[in-house]
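Asks: Each chain is listed here by its residues.
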Amino acid sequence: MGMKKRRLLGLTLIAVMVSSWILPGSALAEVFELDSMKNLYEGVSFDHDMHIEVTGDDCAVCHHHTAGTAPAEPLCVTCHANSPEKDDPRCSSCHVKDVFAAENMRKVWDTPRLYHRGKPSLKAAYHQGCLGCHEQNDAPVGCTDCHAMTEAGEKFYHTGTCAPEPKSADQGGGHH
Amino acid sequence: MKKLNRRAFLKGGLASGVAVAAVGSAKKANAAGDFGGYPDSMGVLVDMTKCVGCRTCEAACNKEQGLPAPAKPFTDMSVYEEQRHGGLPRRTTEKEYTIVNRYEVEGREQPLFRKFQCNHCQEPGCLTSCFVNAYTKTPEGAVIYDATVCVGCRTCMISCPFYVPTYSYSSPTNPVIKKCIMCYDTRLKFGRPPACVEACPQQVMTFGKRTDLIGLAHKNIQDRPDRYVDHVYGEHEVGGTSWMYLTAVDAPFEKIGFDTHLGKQPIIYYVKEFLAIVPMVLLIWPALFTGFHLLATRKDAQKNEESES
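Sequence lines, in order, name chains E and R.
Going letter by letter, the first sequence gives residues 3 to 178 in our numbering.
Going letter by letter, the second sequence gives residues 179 to 487 in our numbering.
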């Protein structure tokens, strides 16, 4: 009895793993933790499933040409009309964390005739990608609407528990 | 043949001397003007169409440069309502080396945010105007300064076409000039981008070799003529700057506080002709007037000698 149950459980697990591997869309869906600014802000719980729904199953809205759907931007279509789906369509597979690191800068500028030289970092890809849509669709746009500020963040922005005393609000040296 | 007397000789000598000095100085001044910046210097391209006005760059600057605590939190957006004397927007101060200003432009739905800091000129007006040589343009592109030699004359504040250098008026004992140094000490000299560039969540700023960035800027304009004004501010202004800007078609530079009448000449061009005269005056006038004096008093001296003998 216990043996059978365990086998069933094992089989189900394998089935789930396999299906999530081969089935696109809903099977991939889960909540991701986006933490490109984790020193100042908590990670963002990104509901991939919900965003698939909102975009009407059009992966290209966020994934450009990497998810097998043609991009909407005419400029992108000139090269990527028939681009195949990428093996790894995650943002981080193209958008590196530290774009201005010497190694990445060399890669970008020493590759002859490279087109995507202004490619945003992972953090910028998230913000540029999310904010435009959120503004148009009345979705949250404030910094702390998506990610709560950490203690380090409060210190950095001189806000919350680290806010300046209202009394010391002198403008200091603003003359010219 | 005319007899060449002493006076005529002196006159001729003086005229040719002036001519030689003038030609020599003009050549030197021209050579200095042709400098055009270090070939591999770094720069920053600011795409103002991407800025959302979150002020993270201001906070990053404050932390990196160890500046005093701000009057208001960097999350307080009421600063955009602040106006200086005369209704002017915020500017950099001794406590803020960079600030962001918001511009409501007629015919544009969204406001446009403009980040402001030292533009790090290729041939800086501050540097050429400083008589104690406090300023240095480093090969990496930053315009830095040695506050320990600053005598507080503030000529650099007047010579800067962008009104960048500020003065620590709050210090009664040792007031000095304060401005953005492109994070030279802590980052740029190690090949890292300035703190504001790295902190920006939108990557409004792209760090790279200045020549590469000019190429990128023009490529972006070419790709999106519907988005960008066809001008890279800082490519040529006052001889070129390390920090360059792209703006939105519906928010042209002149409407968001940029001076579009600065011309392409470095600031030194406006004074080099005058400056060429300075050594001439210093070298020739003493000799000339000593000569006049000697000539005028020659007879008296002779008389004195005769009466003595």
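Rather than coming from a laboratory, the hints here were simulated on the basis of the structure.
Quick caveat, the model's predicted, so the values are computed rather than measured.
Keep in mind that the hints are not guaranteed to be accurate.
Said to hold, decoys possible - Selected chain R positions facing chain E (Cβ under 7 Å, derived; list incomplete): (1) Thr253; (2) Ser256; (3) Glu259; (4) Gln381.
What the hints assert, rightly or not - Straight-line Cα separation of at most 30 Å, DSSO-like style, residue types lysine-lysine; simulated pairs: (5) Lys397/R / Lys121/E; (6) Lys88/E / Lys241/R; (7) Lys121/E / Lys228/R; (8) Lys228/R / Lys99/E; (9) Lys88/E / Lys99/E; (10) Lys397/R / Lys450/R; (11) Lys433/R / Lys109/E; (12) Lys433/R / Lys228/R; (13) Lys157/E / Lys367/R; (14) Lys367/R / Lys99/E; (15) Lys241/R / Lys228/R; (16) Lys241/R / Lys121/E.
Ideal Cβ placement from N, Cα and C applies to all residues, glycine included.
Asks: Which hints from the list above does the structure break, by number from lowest to highest?
Replies: 2, 3, 6, 10, 11
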